Amino acid sequence: MMQERTLNALVLAGLIAIPLFAYVTDEPFTITLATRTVILAMAAVGLNIALGLGGLVSLGHAVFFGLGGYAMGLLAYHAQTYTPLMEVPFLIEGTKSMPVIWLVAVIVSAFAALIIGYLSLRTSGGYFIMITLAFGQMFFFFAISWSAYGGEDGLSIYVRNGFPGLNTLDPIQFYAICLTLLAIVLWFASRLACSPFGLALNAARQSPDRVRAMGLDPFRLRLVAFVVSGAITGLAGALFADLNRFVSPAMFSWQMSGEIMILIILGGTGRLYGPVLGAIVFVTLEHTLGDISDYWLIFLGLLLLAVVLFAKGGLIGALSSRRTAHG
Amino acid sequence: MTGLLTLENVTASYGPVQALFGVSLEVGEGEVVALMGRNGMGKSTCVKTICGLLPSAGTIRFSGQDLGRLPSHKIARLGIGLVPEGRRCFADLTVAENLTAAARPGSWTFERVGSLFPRLKERRHQKARTLSGGEQQMLAIGRALMTNPTLLILDEATEGLAPVVRLEIWAAVAHLRQAGALSILVIDKSLKELARVADRAVILERGTSVWSGRFDALDEQVTQTYLGV
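Residue numbers (the UniProt record's numbering), protein chains in the order written: chain A, 1 to 327; chain B, 1 to 229.
It is possible that part of the hints are untrue.
To be verified - Here are some of the chain B residues that sit facing chain A, going by a computed Cβ distance under 8 angstroms:
{"no.": "1", "residue": "Leu53"}
{"no.": "2", "residue": "Leu54"}
{"no.": "3", "residue": "Pro55"}
{"no.": "4", "residue": "Arg69"}
{"no.": "5", "residue": "Ser72"}
{"no.": "6", "residue": "His73"}
{"no.": "7", "residue": "Ala102"}
{"no.": "8", "residue": "Ala103"}
{"no.": "9", "residue": "Arg143"}
{"no.": "10", "residue": "Thr147"}
Calculated directly from the structure, the hints in this document are not laboratory data.
No experiment lies behind these values; they were computed from the predicted model shown.
Glycine residues also receive a C-beta, built at the ideal position from the N, C-alpha and C atoms.
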């Protein structure tokens, strides 16, 4: 057993060492897999703020992942076709600049999370799960029918967007961008959890009535958490679209929401690095077992079952001295 | 002494079951009022109506403001700190985190709570679930104080605690009383301890306030009739 901090440091060190591993083993595709891991981890870190800290079981986080993806897709598509995104009431043109795309993805996702959260956080338990799922399906079917941007076939972007001073077509440099953003998001999430807001959110998960008696509004706390969570997941969506240079309605699907949630449960709900370890295990299994059998998800299911039954603190809990996140 | 909290003919129900039939009481600024009565007479229900945790009819005014249909968190923000029955700390948070989560600007800080209950200071990094019952009670009081209230409501704060811990809690209440800046509405069964800290008493009988006056005016006949002691 090791301290959770040591385990976290090892996970981060492993991610930093991947380009070196890829170079030594002459396996450049490893970097692409690692980039996918890092991006999915970021989406899950976002959901973990709502789920782990706030106890909000959202089955609609793919909405924000998809919105981030489509924010990238639309802006890049209009930039590559030299057509304006909008002319009335004011002119908005496309862009190939990653920082601008990230900003748009974060704002759009946060705004959507504000609306969805405002409506769905009035419910709880199974109703909350169902209403977030319903929002997800709404966006999914809207994207399918949006023929101007590829509809069901999705939208391809020919060249990866740019970042000042870096060659984003180089897998290592793009990986470095994603890993840096993940590190920033993890730092932010850790600060948030220790802040008075994060503590109050945690307290509201344990007892909303007691939080009200302290003069705090659990609804407002959860709404802010949901918005922050959605914004981070949206950023991950923009990066995911840039990694694949492709966006499609699948990013909005409920399977995507479930996948993000599985990463958290695998790694450890409410654990800072739980989503990261969950993503590492998920992508590794997907790649290795996926080569062996088309039915690799059965093995993932068995692993998930084992984690839920025998390691309630997730893989981080099983490997570290702190068994439960909130214990 | 002006009325900080005033209840006039307050009634309340749990669904179809009426629990309060007309409670009237007043807590002045800097005053300690004991809310007394036998089990099931409506003391905790009365506290819930004050804090907005249970819908009620009648008039409840705090600092001149009608609490009416205000949501409970807004009532708490007006300056009512509740120490609920059964302690109810946030088990998954540490002592320091429990106090930080509740903190609002004012004279009550972690240091001040720590000087009132030195044990909390010693156990600041310990999860609330690992504290003893007495320490959890101290934490519940500390958490309410961290909201910097003008009225502190203690609902059975010493229930189920060891005698030595009860003394510690009562000493803290006496200290708060001496400081004078805080009004306290206290519910407890210990007449002896209440006599040391309370200025006035209100007795509830079957959901109705049946006696109120200075605590030292409580005579044997009243306590025998309404409290059974």
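Hint validity - Ala102 (chain B) Cβ closer than 8 angstroms to any chain A Cβ: Hint holds; Ala102 (chain B) Cβ to chain A Cβ min 5 angstroms, cut 8 angstroms.
Satisfaction of the Arg143 (chain B) interface hint, Cβ to chain A closer than 8 angstroms: holds (7 angstroms)
Return the status of the interface hint for Arg69 (chain B): holds when the least beta-carbon distance to chain A is below 8 angstroms, violated otherwise. This interface hint is violated because 14 angstroms lies over the 8 angstroms limit.
Hint Leu53 (chain B) vs chain A: min CB-CB distance below 8 angstroms? With a minimum Cβ separation of about 6 angstroms from chain A (threshold 8 angstroms), the hint on Leu53 (chain B) holds.
With 8 angstroms as the cut and Cβ atoms as the points, is Leu54 (chain B) at the interface with chain A? violated (11 angstroms)
Have a go at the Ser72 (chain B) hint: is there a Cβ in chain A nearer than 8 angstroms to its own Cβ? holds (4 angstroms)
Could you check if Pro55 (chain B) really has its C-beta closer than 8 angstroms to a C-beta on chain A? The hint is violated - Pro55 (chain B) has no Cβ within 8 angstroms of chain A, the shortest such distance being about 14 angstroms.
Restraint satisfaction for Thr147 (chain B) [CB to CB of chain A, less than 8 angstroms]: With a closest approach of 6 angstroms, the Thr147 (chain B) hint holds.
Verify the interface restraint on Ala103 (chain B): the C-beta must sit less than 8 angstroms from at least one C-beta of chain A. Given a least distance of 6 angstroms, the restraint on Ala103 (chain B) holds.
With a cut-off of 8 angstroms, does the beta carbon of His73 (chain B) approach a beta carbon of chain A closely enough for the hint to hold? Holds - the Cβ of His73 (chain B) comes within 8 angstroms of chain A, reaching about 4 angstroms at its closest.
Violated hints for the displayed structure, listed by number in ascending order: 2, 3, 4.
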